[in-house]
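Chains A and B, in that order, are what the protein sequence lines are.
Using the working numbering, the letters of the first sequence correspond one by one to residues 769 to 989.
Using the working numbering, the letters of the second sequence correspond one by one to residues 51 to 178.
Treat the hints loosely; a few may be bogus.
[To be verified] As a list, the in silico DSS-like pairs of lysine-lysine whose alpha-carbon atoms are at most 25 angstroms apart:
(1) K870(A) - K906(A)
(2) K167(B) - K956(A)
(3) K167(B) - K873(A)
(4) K121(B) - K870(A)
(5) K99(B) - K853(A)
Keep in mind that the hints were calculated from the coordinates and are not lab data.
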Amino acid sequence: MIQNKPVLFTVIVFLMWGLSGCVPPQPYDYSNYRNHMPRSLFVMPPTNDSVEVDAPYIYLSTITRPLAEAGYYVFPVAVIENFMKENGLQTPNEMNAVPLEKISKITGADAVLYIHIEDWGQKYAVFDSTTVVQARAKMVDVKTGMTLWEGTAHAAEGSGDGGGGLVGMAVAAVVEQILDSVTDRAHKLSGAANKNMVVNRTNGLLLGPYSPGYETDVRGR
Amino acid sequence: MTKKISQVSIVTAVISLLLISGCAPKNHSIYRWGVYEQLIYEMYAEPGKANPDTQLAILSADVERTLAEGKRVPPGVHAHLGYLYYLQGNKAVAINEFSTEQALFPESTIFIDRILKRLQGSNNNDSK
Numbered sequence: 769m770i771q772n773k774p775v776l777f778t779v780i781v782f783l784m785w786g787l788s789g790c791v792p793p794q795p796y797d798y799s800n801y802r803n804h805m806p807r808s809l810f811v812m813p814p815t816n817d818s819v820e821v822d823a824p825y826i827y828l829s830t831i832t833r834p835l836a837e838a839g840y841y842v843f844p845v846a847v848i849e850n851f852m853k854e855n856g857l858q859t860p861n862e863m864n865a866v867p868l869e870k871i872s873k874i875t876g877a878d879a880v881l882y883i884h885i886e887d888w889g890q891k892y893a894v895f896d897s898t899t900v901v902q903a904r905a906k907m908v909d910v911k912t913g914m915t916l917w918e919g920t921a922h923a924a925e926g927s928g929d930g931g932g933g934l935v936g937m938a939v940a941a942v943v944e945q946i947l948d949s950v951t952d953r954a955h956k957l958s959g960a961a962n963k964n965m966v967v968n969r970t971n972g973l974l975l976g977p978y979s980p981g982y983e984t985d986v987r988g989r
Numbered sequence: 051m052t053k054k055i056s057q058v059s060i061v062t063a064v065i066s067l068l069l070i071s072g073c074a075p076k077n078h079s080i081y082r083w084g085v086y087e088q089l090i091y092e093m094y095a096e097p098g099k100a101n102p103d104t105q106l107a108i109l110s111a112d113v114e115r116t117l118a119e120g121k122r123v124p125p126g127v128h129a130h131l132g133y134l135y136y137l138q139g140n141k142a143v144a145i146n147e148f149s150t151e152q153a154l155f156p157e158s159t160i161f162i163d164r165i166l167k168r169l170q171g172s173n174n175n176d177s178k
């Protein structure tokens, strides 16, 4: 009985290790990604399934930082978006239809990050509301068209977490104020969702050439 | 015996805490981000809150601060500055900023060359 104690502790340690998220349940297949390691990422303005028309642009304002901190050159998102508009592409849907060869020729980008917003904004229940941001992202190699990586950005926050709720709603009687705070909340959630998606050790982005950890990132090697 | 077990418990607890706190070492930022992404957000979410001149003043002061702190300016910032100067009609400084982006990040060469060609082209045919 007493001799079994160390064994029991070892088992507990391994259980906690597993729970803490260090052991990937299924290793992500990074082989295509590693074989076509991009230096530069072109973020395509997102397509949007939500009713919030500003969602693609708010999303765009929160994606550069995690990608650049992961070690990639990220093309200037607003400059690119305006550049495409000036060239006659008015909506994200039109922009997403631009062929890879053309993106390559005009920008020289190594990979394109396509984003599809699935859910965005406030969901109402009877007494409560939740703000949700959910998007799927896909990184495509510009030269081969091969998918290098796919991920999901998700974050949600209940009205109780953000000082909203019934009392908050009563105070915020002006409609504009409510709209503003929802936009702002979705904006913050979008930043958190993108960061989590990118830095995830199990299925996030590999560290890129500008990252100090580039050489020591063993994933997919 | 009891003492031994409690020692093991402490070790277990410490190891568990270390593991729970995350395996990866804390990484420091490569860049100082400042106001860049916040400006992009406001540009889209609250158009009209700040005109290009104001945005330009805020962003260029922010870049000064980043450089004064000896930190690195993130990818895209100099190009964004260039774009704001272009909107303002200040093509010479716009060209300068786009060129800085290109020098800092050679990955942008093809795209920036395209923009520079346009700017220089429209400079030559400037009717203003």
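Worksheet item: In ascending order, which of the hints set out earlier in this document are inconsistent with the structure?
Response: Result: hints 2, 4 break, sorted rising.
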